[in-house]
Amino acid sequence: MEAAELERIRRARSGDAEAFRGIVEAYSRPLWRAAFRILGDAAAAEDAVQDAFLRAWRSLDRFDERAELSTWLYRIAINAAIDLRRERNRREAAAGPLPEDFNGQVTVRSDAPDALRQAFWRQMVDRAQAAIAELPEAERTAILLRHFEGQSIAEIAGVLGGGENSAKQAVFRAVRKLRAVLVPLMEVSRGESV
Amino acid sequence: MANRSDDALILFYYGERESPEELERELAADPELARRYEALRLELTALGHLEAGEPRPGLEARMWARLAPSLARPPRRFSVPTGWLGWAALSTAVLVVALVGFFAGRVFHEAPDEHTVADTLKALPPAARDRVLQAALADHLDSSQRLLLEVANGASSLDEERAWAETLLSANRLYRRAAERAGQRRVAAVLAELEPIFTQLANAPETFDLRRSKERIENGDLLFKVRITRNNLKELS
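Chains as they are written, first to last, in the working numbering: chain D, 1 to 194; chain S, 1001 to 1237.
A portion of the hints provided could be inaccurate.
Label-pair ranges, simulated between beta-carbon atoms [as the list claims (entries may be wrong)]:
no. : chain 1 : residue 1 : chain 2 : residue 2 : range
1   : S       : GLY1183   : D       : GLY161    : 47 to 57 Å
2   : D       : ASN89     : S       : THR1199   : 38 to 48 Å
3   : D       : GLU134    : S       : ARG1056   : 43 to 53 Å
4   : S       : ALA1039   : D       : ALA19     : 15 to 25 Å
Computed footprint of chain S on chain D; a stretch qualifies when at least three of its residues, placed anywhere within it, have a C-beta under 8 Å from a C-beta of chain S [what the hints assert, rightly or not]:
no. : stretch
5   : 20 to 32
6   : 173 to 184
Hints were generated in silico from the structure; no laboratory data involved.
Each residue gets a CB set at the ideal place from its N, CA and C atoms; glycine is no exception.
If we strip away everything but chain D, and leave its shape as in the complex, we get (with noise of 0.2 Å):
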């Protein structure tokens, strides 16, 4: 970790937030973008990420200085994001269609000319995002820092901190899953030629 991202987490750490706002600043986007392939709605990825960053905050004390704060923080919010969605998922299983003003979600313009396309991409990703967001925390890591982050597997083991094999395993496990998801949709675009 660079000498200053450290000297900012152990100021903030004390309770200066000028330094946590820094870490903010910093970390914002990519903690947005992980919270969004959860997700799948911009709003609802900045609530995951503030709610990251307040998690983050009262944790400083327990952030071991030889991990990376990238990686602290993306776990932190992958959690936020995941628990978001259980959340909406629980209220909209509890109480089905929302009331018209309190549903912000975007539709397909059903006339639009790829309507068809646009509607099986967004079921795709539907499924995929649930896929992740259903994976064990050490799969779901796993494949998002290696597929999106472009993380190694050396790298994915420090952060998993089971060695190699652990991580390349996870890794295995996590696209085995995501195939058995994707793998019948793929099929019926082939067969539909959307």
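With chain D's structure known, arrange chain S on it following the hints.
The following block gives chain S in isolation, referenced to the frame of chain D:
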């Protein structure tokens, strides 16, 4: 024919094979292996549709504006406005509520220095007044959400939550009345749901178990409702 596992193909896809040339040769020579790899590649490429793109401009500033009030007094402290600026901001916000009441035939602000502000606000076109009210309500919901989050995530200090809840409770009542008068039925309903939580926290004895408030927040899906309402109001304002 090579008998490669899917795991080997996954490593190859991610560029993690120590000797990729060997597998490349096998793929070139073995149509069945090439077909399996192509299927894997397409499925993993499809995950690319989860790419998030970019957030709305100003994310960092928005995020800090949402977080800063919760961090003002470390660790994880809520700051009740103590300086004249803070109270001025609060009274201005409340005055917006009073202004709505004024146009409805009821005035419930009394402080003389507030009339100047009220006159200024009254001079605004109706659309601008609506935007001011929506922005003030959104800010109030922002603050309410932060308190709910503190409690839901296991706040450590009842004293701080109590003081915070007292402040929010007073404002919440005014905003709820204003929203009712302005015909914002659903906003008023959410504010009405917040009041029992604020009342409970504001009057909590030393022995109070915050988990009771947490349960109430969870059972009522309050965080969800507050978030959606706040987001809708911010879009309008």
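- prompt: Is 43 to 53 Å right for how far apart the beta carbons of GLU134(D) and ARG1056(S) are?
  reply: The hinted range 43 to 53 Å is violated for GLU134(D) and ARG1056(S), with Cβ atoms some 28 Å apart.
Range hint 47 to 57 Å (beta carbons of GLY1183(S) and GLY161(D)) holds or violated: 56 Å, holds
message: So is the stretch 20 to 32 of chain D in contact with chain S by the C-beta rule, three or more residues under 8 Å, or is the coverage claim wrong?
response: holds (count 7)
field: Consistency of beta-carbon spacing, ALA19(D) to ALA1039(S), with hint 15 to 25 Å
entry: Distance hint for ALA1039(S), ALA19(D) is violated at roughly 49 Å.
- request: With a C-beta cutoff of 8 Å, work out whether three or more residues of the stretch 173 to 184 of chain D approach chain S closely enough for the coverage to hold.
  value: holds (count 6)
message: Looking only at beta-carbon atoms, does the pair ASN89(D), THR1199(S) fall within the given range of 38 to 48 Å?
response: Given about 30 Å between the Cβ atoms, the range is violated.
The earlier numbered hints that this structure contradicts are 2, 3, 4.
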